[in-house]
Amino acid sequence: MEQIPRLAIVILNWNGRSWLERFLPDVVRHSQLPGVEVMVADNASTDDSVAWLQREMPQVRVVVNPENGGFAAGYNQALKHIAAENYLLLNSDVAVQEGWLEPLLSTLNQHPHWAAIQPKIKAFQQPSYFEYAGAAGGFIDRMGYPFCRGRFFDVLEEDLGQYNDTCEVFWATGAAMLIRARAFWEVNGFDEEFFAHMEEIDLCWRLKNAGYGIGYCGQSVVHHVGGGTLSALNPRKTYLNFRNNLFLLTKNLPQRKLYPVLFQRMLLDGLAAVRFLLKRQFPHFKAVWQAHRDFYKGFAAMKKKRSVAGLTSGNELPSKVYNKLLIVQFFGKGVKQFSKLKPKHFT
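The numbering of the sequence shown is the working numbering, which starts it at 165 and goes up by one.
The hints are simulated quantities; they were obtained by calculation from the structure and are not laboratory data.
Careful, some of the hints might be misleading.
Cut-off 20 Å, straight-line C-alpha distance, at most; resulting in silico cross-link-like pairs (DMTMM-like, lysine to aspartate or glutamate) [stated by the list, open to error]:
id	residue 1	residue 2
1	LYS504	GLU332
2	LYS461	GLU357
3	LYS401	GLU356
4	LYS461	GLU356
5	LYS500	ASP318
6	LYS500	GLU321
7	LYS443	ASP433
My request is simple: use the sequences and hints to build the entire structure.
Shown next, in the form of structure tokens:
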């Protein structure tokens with residue numbers, strides 16, 4: 165019987181030949197461990213990504229998806245054709261270095277109850293600072309606002325060694341996530357209705373509701389360009405973030421918290437929309453309105469997914485949720501660093 169690989173490093177690509185050309189050779193070079201295979205899942209690119217891969221990187225297996233279903237569907241479609249004990253989902257705009265992979269694999273092996281783990285994510289353009297998408301491990305507050313050790317909203321910390329540890333977190337970034345294949349499929353992979361943005365938080369929340377932990381390994385470091393597909397200035401990103409955050413809460417909150425939290429969160433979204441309006445950022449104001457419109461349309465379908473996940477009783481929030489409101493700490497009290505949050509306020 166043919167033994168399946170220990171690890172498949174899978175890079176999702178959509179019209180990203182320039183990223184592949186720049187970063188893929190180093191991924192291959194620095195990932196040469198027994199039982200490790202590097203692959204590219206192409207999301208129906210219209211550029212010459214696949215031709216370039218076949219010509220310049222023939223040692224890299226390419227899985228071609230029939231259509232661009234976004235990050236969530238793209239990975240789900242591709243991973244169905246990839247047999248491995250573990251997947252490492254890696255953005256095409258991530259730079260790796262020698263020794264980046266061994267600590268991740270070793271740490272996951274040392275924590276059998278963890279389903280997924282991420283490395284330290286630093287900014288490619290400012291290598292001494294953490295990067296927005298993941299930093300040193302992700303968390304959420306009681307209203308579902310995501311944040312990271314090393315990143316509150318758009319404020320990034322400098323890496324001074326304060327997060328060189330290994331610890332449990334609430335969510336691991338999809339930019340560089342090592343995940344057990346059996347756990348990924350146990351909870352049915354990514355939710356494809358998210359398309360992109362926060363799908364990894366939804367996945368991690370479902371894994372935690374299923375009894376798994378999510379980890380962070382500070383001994384592994386990668387550098388992420390960020391915004392390679394969708395810039396923070398793009399109203400489409402605003403739309404996805406606001407809509408998907410409401411989807412996230414609807415699917416995963418404990419029953420007794422569902423409607424109170426949704427009501428409060430939608431009020432806070434309204435304040436954010438007014439802020440966009442006052443700053444004359446009209447496309448972003450419209451994006452929030454459209455996000456709420458489409459949330460209402462999709463609410464029944466998202467709520468139905470709760471019963472599939474067994475969330476029909478008054479269970480409590482999983483571990484590593486911040487029980488205060490981050491926007492109050494950040495805007496009201498000037499708290500800009502994770503270390504300033506009191507441990508007693510986490511579940």
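Checklist line | Hints violated by the structure (numbers, ascending) | finding: As far as the earlier hints go, not one is violated by this structure.
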